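Undergrad: Protein chains in written order, with the working numbering: chain A, 3 to 829; chain B, 1133 to 1251; chain C, 11 to 216.
There may be inaccurate statements among the hints.
As the list claims (entries may be wrong) - Stretches of chain B that chain A covers, calculated by requiring three or more beta carbons in the stretch to come under 8 angstroms of a beta carbon on chain A:
#, segment
1, 1182-1193
2, 1220-1228
Said to hold, decoys possible - Simulated restraints, written as ranges between beta carbons of each label pair:
#, chain 1, residue 1, chain 2, residue 2, range
3, A, A821, C, A69, 55 to 61 angstroms
4, C, L37, B, D1242, 29 to 35 angstroms
5, B, D1242, A, Q775, 51 to 57 angstroms
6, A, A771, B, H1238, 55 to 61 angstroms
The hints are simulated quantities; they were obtained by calculation from the structure and are not laboratory data.
Because the structure is a prediction, the values reported are computed rather than measured.
Each residue gets a CB set at the ideal place from its N, CA and C atoms; glycine is no exception.
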Amino acid sequence: MDTTASNLSTLLMLAWLLPLASFVLILFFGKYMGSHGKFAGYLATGALLCSAALSFTAMFGVWLPNHPLPSTAHHTEEHGEDVPSEEAHGHVAAYPVEAISAQPVALQTDHEHGEADGHHATAEHSDGEHHANNAPPVSYFGDWYTLGQFGSLKLTISYYIDTLTVAMFCMVSLIATCVHFYALGYMHDELHDFTDPEVTMSDGEKLKRPGRFYRFFQYLSLFCFSMFGVVISGNMAMVFVFWELVGICSYFLIGFYIERHSASTAANKAFIVNRVGDFGMLIGMMALWSSLGTFAFGDLKDAEGHVVEQGIFSQLRTEENDYHLQPTASMVEEQERVRTQTCELAADEPPKQSHAGQWLLLIAGVGIFCGCVGKSAQFPLHVWLPDAMEGPTPVSALVHSATMVAAGVYLVGRFYPAFSPEALLVIAYVGCITLFVAATIAITATDIKRVLAYSTVSQLGYMMLALGLGGWVAGMFHLITHAFFKGLLFMCSGSVIHGVHTNDMTEMGGLRKKMPITAYTMLVGCLAIIGAGIPIIGPGFSGYYSKDAIIEQAWSFGSNNPHHAVLKWAPIVGAFITAFYMFRLWYMTFAGKPRNQDRYDHAHESPRVMTMPLVILAVFALGIGWQLPFTDLSTSALLEQARPVGTLATSHGEILSELVIPNEHDSHAPAIKWAAGWAAFSTAAAGLLLATAIYLWKLLDPQELKQSFKPLHSWLWNKWWFDELYQIIFVAPCMIVARTITRFDLGVIDSILHGAAAVCKGCSKVVYAVFDQTVVDGMANGVAGVTWDLGLWLRKIQTGNLRQYIMFIVIGTVVLFVAISFVQRTI
Amino acid sequence: MIHLPLAHLLSEPVGVSHYVMVGAVLFTCGVLCMATKRNALGVLMGIELVLNGANLNFIAFGSHVLRNDANSLGLDGQLISMFVIVLAAAEAAVALAIALNYYNNHDSIDVDRADELLG
Amino acid sequence: MESIYWPTFFFWLFSLISCSFAVGVLLARNIVRMAFYLVLALAATAGLFFLAGADFVGAMQLMIYVGGTLVLLIFGVMLTSQERFIEMKTSSGEWVVALLLGGMLLGILLQAAMAVPAWQGMDRAAAEATKVEKTATPLGMGLLGVRVDQLDEQDESRRKGMSGYLFHFEIVSVHLLVVLVGAAYLARAKRKRGRDELAGTGSNAT
């Protein structure tokens, strides 16, 4: 156990720190690594390759041998299903031992139970009677280094390693490696002096600047380091630090073409919008810390295995309480204190039943989620992500798949045990709105990268929705599958852009003959994202498994909560729109006739260094959802092993008493599975058909449609007027306030300063005239004048007449004698 | 002792103060000589007179005849006056050389015309 | 009526000669006369030296001053004696100022001379009892560093001054040599150049 822990932490720490080493090396020596830092790219790629190798060693060499996945054979028997995402269900029990043995009972009784007891049930009440919850997953937690301790606040660099951490390491390092290789080809323009066609200088020339190849890889390395840091962090404070590092790296990379106005604006936008979310995150962290007194996720154990310091999760979900979420006594006290302080009238009233501590828990959960909203581009902070397309395409691929936006979803997943049902409902609604809004905007976009960007936002909405509805495995599963196919899609779009030198789909068309590898790998990506597969029985593309899991969870939730039916239908509608716009994109780009013959003629397939990553990622996009043949290994089984403590049981809202977050395993019930599976398949197929009809068979004319739905089109074309809305609500008032303050500055403060300066100047003038000129100058001039006059007078004495001198001597003698005698007499 | 009767003027021995008075007269005459003579050689003669007046004082202070007590300068007075005489001779030689030079350069011996040092 | 004390008589005689010729030097306008008066004044001073018991110094006075320095002076007088320089008038204003100041100086000096009681003369008996010694030998020995006049001095502190004047004597002799060499050089070199100048500019110099 101990050797496992030390091996794991060492391996992952190396994987984590290698990109940092690369970053530091390139930072200091990048300029000298070949012309324009050519070898910096190799260095960064090599570092990432090593990281990937270490991550996979950690996964397959250390983790899986020590914590084998439960065998599927037993499972398939029991449920009669061969969808891999199911199989871990009853067998998580295999290693955390006792907890899940009663699970099948829970499954069956959960539904009626939840309905019947929902309004009066406390966690203790309902769960104590009926079913056991799942124990914490196997995890390793420890401190590498203590930065400092301030009272009870301990800031450490710590690790929290469980299956999710290792899986994320593998996913991030794999995709980042592909992106690095891809970027080696894509960024070759930066290897010589680069003329930026989009920046016109004041003299009408295009901007010419030296290439910045090495700097790109420097930022990429830092980016990967930061993302690994977020994943391996063992406490919230450390997460926050790396969270911000991810933010600053995205700022650097989005603004890589800093001379382009749009790029610098987009970088600023991404950074500022993220700060809004981080503000909420800080509030959440403060709420947690003030009530729990710790940031740590896991329990710190001493050498004998006794718990020394309890982490967040074990405080909130105690074993005595059957791992149900229960605010701690300190939380209840804190909330009560805040309540009595803020409402002074109620101070001496007896504490009423104010959902002891639940509100505080809700604030903490929503606060943390705010950070995730910013980072994962959820409504209403989704506006930065499409603009982030200004960065180079490899960056987009990395940001949209493995790093930046994944960080938000990952944090929700990591923090899952601390979210109360109400917080989860907020998450679900945010995800729902996001997925719908972004999907609709993607329909009208013509910039190939923007379509993909909005699809990312939409898919992130899916993930949040799944997590919010209680589908932890479904959400995280979709995170990983989406990372692969979205990375693939972006790199394909980059390849297209590389080939035709434009982002605009209206100038493309028929490109599959020119760039077949790109076209067909992208087709794989599109099929994966719409969740193509044979309904119910599989097999399908990776998206098929994860998206179906989400839709099943949504149906399960919907059947439990009739009030929130919109959450049930949104993913279905989303699936339709997703299918439509993805294939609209593919058809417009690769099928039909070229719309711009000139561009078509110059198009070419990308070099092998770019297409190889595409092929690799296409393979993963196809198969990441599958179970590895002849083993028990599959992504969903891994995630099932990582299932956070206490999330297997149905939970009930405390503040909203009728809210039920269903058990995720309920969603695999055959009835729900059938209905959801067919609904997903049919809507996706309908979307695909519609797109085919419009863009391939030309049965409907898109222009005509645009004309007839003009208000709707312009509504969507302008992205629901979000940017304009924010401009009016936030930016313009901010500018007005700023201008007012500027005017205040210029008018009042400056005039005060100028007045003070003028008074000072006047005083000094007076002093100059009165004192300096008369007294000081007078003294100096007077001394000089007296000396001068004395000199003139002495000059007269100095006649040069010898005899006169003798007279003077005599006079002197006489005077001396007289004086002496006089003095003698007086004394 | 001015009220000494004239009768005793020649019968009493003279003292140091008489010599000093004669020296004072010589000295004053020398100084006035320097101050009034326009001839450079006249000035030199004044200097000789001044030196002689001083010399006379030294002799008087060192004389046992005039004042035979322990406070007399004794032989030192005569030695010093010897040096003075010797140095006066040297001075006279140099001064004469200067005067001749001056005369050759200015074609004059009038010290009033030697006013190049006029400020 | 007491008998005349001859040394006193000669003192008055010599001092009268000395003072009156000194005044003569002061008042004379003719440079040649001035030189002559000076000779007489200095010779009378030498007489005073003899009277004070300084026989060797008096002899030196006669020889060096009267015989040497004044001859030198008279050489100078003769070398520079053009008609216009024999008598040079001084303005009467200057005379008044000079006499005024000179009188004051003289007054002060005379007053100082008579202010010290110890400087009055001894009584006649003591004076006649005083033995006058020849001073040539003690002076010579003193210049060589031996003070024969203080051999029997008991007071240790006074014996310290017995070291004599050998060192000073040496310095003075070297000084004299330097001065004479310098004077000879000065006079001779300048005269040579001066004569050339004089030949060129003599006509319009006056």
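Undergrad: Hints numbered earlier in the text: which of these fail when held up against the supplied structure?
TA: 1, 2, 3, 4
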